[in-house]
Amino acid sequence: MLEPASITDGAVGSADQKGLNVNSSPKRSFQKLLRIILSTPSGVVGFGVVAAHVVVALIAPAIVLHDPLAQDPNQIMAAPSWTHPFGTDLLGRDVLSRTLEGGRVAIAVTALSALLALIGGAAIGITAAMRGGWFDSLTMRLVESIGALPYLLFLLVLANAFPGSAFALVPALAIFYSTSIVRVSRAAALSVASADFVTAARVRGEKAITVLLREVLPNVLDVVLVDGALRWASMLLGFSSLSFLGFGVAPPTPDWGLMISDARNVMAIAPWAVFWPCVALSTLILGAIFLADAASKAVGLQRAPEGLNP
Amino acid sequence: MTMLHALFSRVLSLFLVLCVCFFALETLPGDACTAFLDQDARDPELLQICRANLGIDQPILVRFGEWAEALMRGDLGTSLTRDRPVSEVIAPELRNTFLLALVSAIASVPLSIILGIIAATRPGSRLDMTLSAVFLIAMTLPEFIIATCMIFLFAISLQWFPAVTIVPTGAPVLDMLPNIVLPVVTLSLVMVAHTMQVVRSRVIGILESDFIEACWLRGFSYWRILFGHALPSALPPALNVIALSLASLLGGVVVIERVFNYPGLGTLTLQAIHDRDMPLVQGVVVVFTLTYTGLSLLADTISTLLDPRAGANNHA
Amino acid sequence: MYRSRSAGVMVLALGAFALFSSPALSETLRISHNLGLGGRESLDPVSPNRFLPAIAMIYDRLVNPGKNGLPEPSLALSWNSSADFTEWTLKLREGVRFHNGEPFSAEDAAFSLKRILNPKLASPVRSFLGIIDSVDAVDATTLRVQLKQAHADFLMLLTDYRVRMVSSKAAHGDLDAVLDSGIGTGPFKLSKLDARNTTVLAANPEHWEGKPGVEEVDIIAIADQDARNQALLAGQIDLASVAPNEVGLFKTNKQFVVQQVPAGKFNPIVMRTDVAPFNDIRVRKALKMLADRESLRKLVIGDANGSLACDEPVWPGDPYFNSSITCPTDVEGAKRLLSEAGYPNGLSLDLYTASVEPIMIPLAEAYQAQAAKAGVKVNVKVVPADGYWTNVWMKPNRPFVVGNWGQRAADQVLNEVFRAGAKWNETAWNRPDFEALLDQARSSASFEERKSIYGKAQAVLAEEGGQFIPFFRNETRVYSSSVDNVSHVPDNMLPWHKITKK
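If you read the sequences in order, they're chains A, B and C. Everything in the first sequence is counted per this note's numbering, starting at 1 for the first residue and increasing by one. Everything in the second sequence is counted per this note's numbering, starting at 311 for the first residue and increasing by one. Everything in the third sequence is counted per this note's numbering, starting at 627 for the first residue and increasing by one.
Only chain A is shown next, with the shape it has when bound in the complex:
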């Protein structure tokens, strides 16, 4: 359902709206964004939830009580108990341990893809805005073309051609999800390109790359980060669909999408095996949406939720 294509005009308008704060470095711009995010309740919640998920994913192997792969023939679909607080699944594996570790692959793959999409997309988008001309037209046509492709089908074809590793999907995920980042960053860069401080820097005779890094990037970074957070949320959902279709994470690696699709048929008799991975996946996506929402309010976008769509 979720496709990486996104809406452009919102970002254009917003970049106008937010006024041109003159930031001097990407780092400062990032710190400022974080400060504003953490000043709103939804920002605090979103940041807290996402951070908690990331921390849990990192330290999960050290904190789980059971081996998430260990099968217990005597505890098949056992209800929650002191030994297995979240119950066990169809093969007698501990649902708590599996839920705790179930985000590792998904978060790693999607975060890596989102990061690549963010860096690559912003670089291309800003360059297109600054250079203009044929490069700009070609970039935009390409972005439009990729946006028009049924990306889920492509991912399926790719996963089928290179079975086994979910990380094989990273480049494809990054390319498909970078299209909206290219648009957003290009639009934002266009709106600052004509600003006085950029013109001033150019007049001072600074190199294009310096202008880009010093003057333009800090001023588009926030908008791009908002979009990146939404792309990430949408990628997490898409990734779980891939697992459901049998193309994402290979069993028995614990993965939320796989856990949900394996146990969904027995949810009438072992609801715990479905419920907990759903809660985990859902809260992480919700956290990312909240974070993006708070961030977009901070930069004056006002309408973050639409970014997740489609």
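No lab work stands behind these hints: they were computed from the structure. It cannot be assumed that every hint is accurate.
With a straight-line cut-off of 20 Å between C-alpha atoms, the simulated EDC-like cross-links for lysine to aspartate or glutamate are [stated by the list, open to error]:
#, chain 1, residue 1, chain 2, residue 2
1, A, K297, B, E518
2, C, K774, C, E966
3, C, K999, A, D67
4, C, K740, C, D800
5, C, K1128, C, E842
6, C, K818, B, D485
7, C, K999, A, D72
8, C, K1003, A, D67
9, A, K297, B, D438
10, C, K1124, C, D1110
11, C, K774, C, E1061
12, C, K1003, C, E966
Where chain B lies over chain A, by a calculated footprint (3+ residues, C-beta under 8 Å) [what the hints assert, rightly or not]:
#, segment
13, 137-145
14, 151-158
15, 238-246
16, 257-268
17, 272-282
18, 285-297
In this text, a Cβ means the ideal position worked out from N, Cα and C, and glycines have one as well.
For this one, chain A is given, so just place chains B and C on it according to the hints.
Structure of chains B and C alone, referenced to chain A:
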């Protein structure tokens, strides 16, 4: 001028898409012969004969030429594993998927606009909060689990609708209808979840703008402002989002069709991908892409017609 | 306003459902098939793509499998053999008619058996019926079969689920013709063949066993196991096999009857003996030794739902079962063997599986966990169930897969699966000495002697073969309480015509 320009750029993108589609799919390892031949796939001679029979032993550029030329004539080629023209294989499944998408669109587009307006006119109210909460949850859950819940609730507990589709692919539309209820409800729920928020924020944004402020000052009635001014300004951008959702809805059906055993394009694509039946996969991609392009062109046109101001920043 | 609109949508939907859904016919038995052949399902009973269970309803056998797999009369009423078991004479039932009205005669029976032998049809049945030298119709109701070599249990081979009588006239006597017309003598006639969707069979009121219990049988394609269960739960199909661990979904529900039938179905983990690393017997042995079969059975099907096995494909219910084979778990021994074979640090293998049968994925996962203990990294590759048999199974580039076999009599399974050149020789087993054992057993007149030789053959497979068979499983069948007279026998013996529906 703008319209012509838009049309031209669409055609250009379409051409680019088709190139990407062809080359990306063709360069992947494995082909229909390695995937389909029995134990005999080890025999290089048999493999060669099979490839020659299917015409996939030609250089890639030659095949691209033939493929593109055939495409111009509206010919999608022949399915490698089904020995029938791709268009013929796709047609019944395409109808079923379009039926699913169409009914979902008919249900969800008005619903998301109406719910969006209702939520926007009472921002922060209990209704607004409830709607937001419900759809936010729907937005964060994978479709296949929403669909499974639908099946357990409406098909198994209440037995109102069939759980899975068991009517033939080519069944009359009327026979299809009861089977599409649960898939449509699932798809619509997800779609409304995504689009309602857009409509809501657009309408709120417009209602707070100077333009509406001016209307208030001029003493227009609430309803006139809402439907006469706020909505026409809020709709065009929302329509873009809706058109994109509709297009992505066509992609989302892969998951939904799998859950509901629905005989549509998604199911067919999964089979084709597994058979490495590239002409069939390419055919499906072409159909999806054309639909996407058509829908976004339609959304642009409607936006332009509804709001002339939108024309200017259409190509930002 | 939005309330009335959404309510309207609901009413419309409900109305549409009430108006257009076909009412649940009490006279129609609805079952499903798993589309494992991806729509290439054929009504030709001897085709590798034979369409189960349609062929069991459309065609009759000469003899049906009875208790212990011994033959019982069906279209053949009685039989006897020459003293050396090389010539068999069968007396056929009179007055039986095909669905097209033509009488069934020894000509048709001879034609049906000759087809199986036709190499052009590439029938998997040929691998064990290849011992037939010639078949003639002596008169309209007498059939004579001459064997190339003696076989004391020849009639048991004819109880196979694919050895069914087709009409020679409908095929114009052409032995090369692939029969998809569905003209048989069975309790149901073909109304509509549509393997990808719904295949409809109508009762044959003139069937020699009397009018079938239901008017119509719908065989509905549902590839996905979860979807099949949901269709059963929602009352869209009446009868299905379910995974033992999903029985809980139905047990507490009064609308369903759960039936456990002891059977010898098995899901081997198949290693192709002609592809590295499985061409090394030490690797095969190690991969079998490392397994803890008891906990595999417990994990995958539960203790009560099957019997343990030691890689012999003959199940304990078979008269020729060799009960003396043992197979203790020996992880250290497995490691040792692997290091002797040149894998001191273990090895990594791709194991392909699909949800064709519900236990096929859990079995792979459970085995994977056990293999890890011996340093073997098994990568479970789950592929679509749809088309699994045609696209994945028996492909040399997929030498390690989960297979699926129905219960078969000893002689049949040993000949059908382990003769060089047999169509379904999934382990690529090629051992002339093994085949000599089978020939020897067949020609032996004494049951005890046959049992001892078949026992030897089983021991060879357990020791060296390419199938890892941890357990045999029972038939776990669930049907709606509106269905009655479902016999307590495995699927390949089920008298479909007796089933009734309220």
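Here is how each hint holds up against the structure:
Of the pairs offered as hints, the one joining K297/A and E518/B holds, with about 16 Å between alpha carbons and a cut-off of 20 Å not exceeded. Of the supplied pair hints, the one linking K774/C and E966/C is violated, its CA atoms being roughly 44 Å apart against a limit of 20 Å. A hinted pair counts as satisfied when its Cα atoms are at most 20 Å apart, and K999/C with D67/A qualifies at roughly 13 Å. With a C-alpha separation of about 11 Å, the suggested pairing of K740/C with D800/C holds against the 20 Å cut-off.
Proposed proximity of K1128/C and E842/C is supported: the alpha carbons are some 13 Å apart, at most 20 Å. In summary, the hint linking K818/C to D485/B is supported, as the alpha carbons are separated by about 17 Å, within the 20 Å threshold. For the given pair, K999/C sits about 15 Å from D72/A by alpha-carbon distance, which is consistent with the 20 Å threshold. The suggested pairing of K1003/C with D67/A holds, with an alpha-carbon distance near 17 Å, which does not exceed 20 Å.
Between K297/A and D438/B the alpha-carbon distance is near 19 Å, which keeps this suggested pair within the 20 Å criterion. Distance hint between K1124/C and D1110/C is fulfilled; the C-alpha atoms sit about 9 Å from each other, no more than 20 Å. For the hint pairing K774/C with E1061/C, the CA-to-CA distance comes to about 15 Å; that is within 20 Å, so the pair holds. A threshold of 20 Å between alpha carbons decides the hint, and for K1003/C with E966/C the separation of about 18 Å falls inside it, so the pair holds.
Remark: the segment 137-145 of chain A is confirmed as covered by chain B, as 4 of its residues place a Cβ nearer than 8 Å to a Cβ of that chain, reaching the required three. For a cut-off of 8 Å, the count of residues in the segment 151-158 of chain A with a CB near a CB of chain B stands at 7, and the three-residue condition holds. For a cut-off of 8 Å, the count of residues in the segment 238-246 of chain A with a CB near a CB of chain B stands at 4, and the three-residue condition holds. Counting residues of the segment 257-268 of chain A whose CB falls under 8 Å from any CB of chain B gives 7; the rule of at least 3 is met.
Only residues whose beta carbon comes within less than 8 Å of a beta carbon in chain B count, and the segment 272-282 of chain A has 4; three or more means the coverage holds. Requiring three or more residues with a Cβ within less than 8 Å of a Cβ of chain B, the coverage given for the segment 285-297 of chain A holds, as 3 such residues are present.
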